[in-house]
Amino acid sequence: MSTNLDPIVAAKLRQFARRRRWLIVARGICAGLVTFLTCLTIAGFVDWYWLLEDSFRYALTAGVYALTAIVVWLTSVRRLMRPLDREEIAAQVELAEPQLKENLLSAVELAVENPGTVHDSPLFRSLLQGSVATQMGRLKIPSLLPVQLVFRWLIAAGILVATGTLLLTSSDDRFRRLAVRTILPGANIARVSRIRVEILEPTPQSKLMAEDETVAVVVAVSGGTVDEVTLEISTASDGVARQIMRHRGGGSDHKDEYTANIHVMDETVEYRILAGDAITQKFRLESRPRPHVITFQKTLNYPDYSLLPPRQLAESHGDLIALEGTQASLSLVMDQQVSIAELVIDPID
Numbered sequence: 009m010s011t012n013l014d015p016i017v018a019a020k021l022r023q024f025a026r027r028r029r030w031l032i033v034a035r036g037i038c039a040g041l042v043t044f045l046t047c048l049t050i051a052g053f054v055d056w057y058w059l060l061e062d063s064f065r066y067a068l069t070a071g072v073y074a075l076t077a078i079v080v081w082l083t084s085v086r087r088l089m090r091p092l093d094r095e096e097i098a099a100q101v102e103l104a105e106p107q108l109k110e111n112l113l114s115a116v117e118l119a120v121e122n123p124g125t126v127h128d129s130p131l132f133r134s135l136l137q138g139s140v141a142t143q144m145g146r147l148k149i150p151s152l153l154p155v156q157l158v159f160r161w162l163i164a165a166g167i168l169v170a171t172g173t174l175l176l177t178s179s180d181d182r183f184r185r186l187a188v189r190t191i192l193p194g195a196n197i198a199r200v201s202r203i204r205v206e207i208l209e210p211t212p213q214s215k216l217m218a219e220d221e222t223v224a225v226v227v228a229v230s231g232g233t234v235d236e237v238t239l240e241i242s243t244a245s246d247g248v249a250r251q252i253m254r255h256r257g258g259g260s261d262h263k264d265e266y267t268a269n270i271h272v273m274d275e276t277v278e279y280r281i282l283a284g285d286a287i288t289q290k291f292r293l294e295s296r297p298r299p300h301v302i303t304f305q306k307t308l309n310y311p312d313y314s315l316l317p318p319r320q321l322a323e324s325h326g327d328l329i330a331l332e333g334t335q336a337s338l339s340l341v342m343d344q345q346v347s348i349a350e351l352v353i354d355p356i357d
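If you read the sequence shown in our numbering, its first letter stands for residue 9, the second for the next number, and so on.
Hints were generated in silico from the structure; no laboratory data involved.
Under the rule of at most 20 Å between Cα atoms (straight-line distance), these lysine to aspartate or glutamate pairs were calculated in the EDC-like manner:
#1 LYS263 with GLU206
#2 LYS109 with GLU96
#3 LYS215 with GLU278
#4 LYS109 with GLU95
With these hints in hand, go ahead and build the complete structure from the sequences.
So, in structure tokens, the structure goes:
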């Protein structure tokens, strides 16, 4: 006679534990989706309805992720991190199936590997194991832990995911922009707004420029009336600066146009436009040094009357001082590649 836990009972307990784990994981995923999508919707509405500072948007997104993590922890992870032993699993099976009463838990607690350690009746233990095995053999684990236990979570998550997919794949990109701005607050995306801002100059809006150059920024504003239009400029050395753009009247399509200048020095400049409830994405004006001649290679062919041989020089300046009638050949070495170059002669009287 055997005092070990019956293999049928052990198999049913393992099946119960696996299904319980699967249901907990499903509940955690669904609860996380419901929480995340609900908070995402609320945060997106707040970002659309109120004009928020970037720091507040970061805090809002952090709150969405934090609340989602807390819900997933409470509904799933904390239960999965503590594995149940056989006695605890047996107790849960008895709660789900009252007909087992305390027989299953007793069978699990009285099961021993070595019959020599048994001080009571091995026959009683064997009969108990057989009786419990018969009952467990007829037991259907899916009926003890039906999907209906997490059905509400599944339905709620399915409805929200379907609704979100429908909105994000629609032709209106405002929902996608709101979602991305909330999920990734650092993403360079224009704010969803009533006022529309179109940057007419420079074209393209982000480009490479020579250092120490001024570029005009011209924008067209439509969709409503604004008190002022602001050009926000940010650089690594000076931080963020703002200037009011000048109104220069309406365009041919009845859009108000505003203009301002940006002086690009020796560092990259980022800029964006603020008008009413509109905030454009950031554009970059990257600065590069102007080409410079680093070596002037000169070949001087003196006139015949001088009886002087040709002379070759490599100098850092372009001055030409020679006898009248001398022919000079110049070869210029630049510090970077150029597509077009022009030589200007500046005679000295």
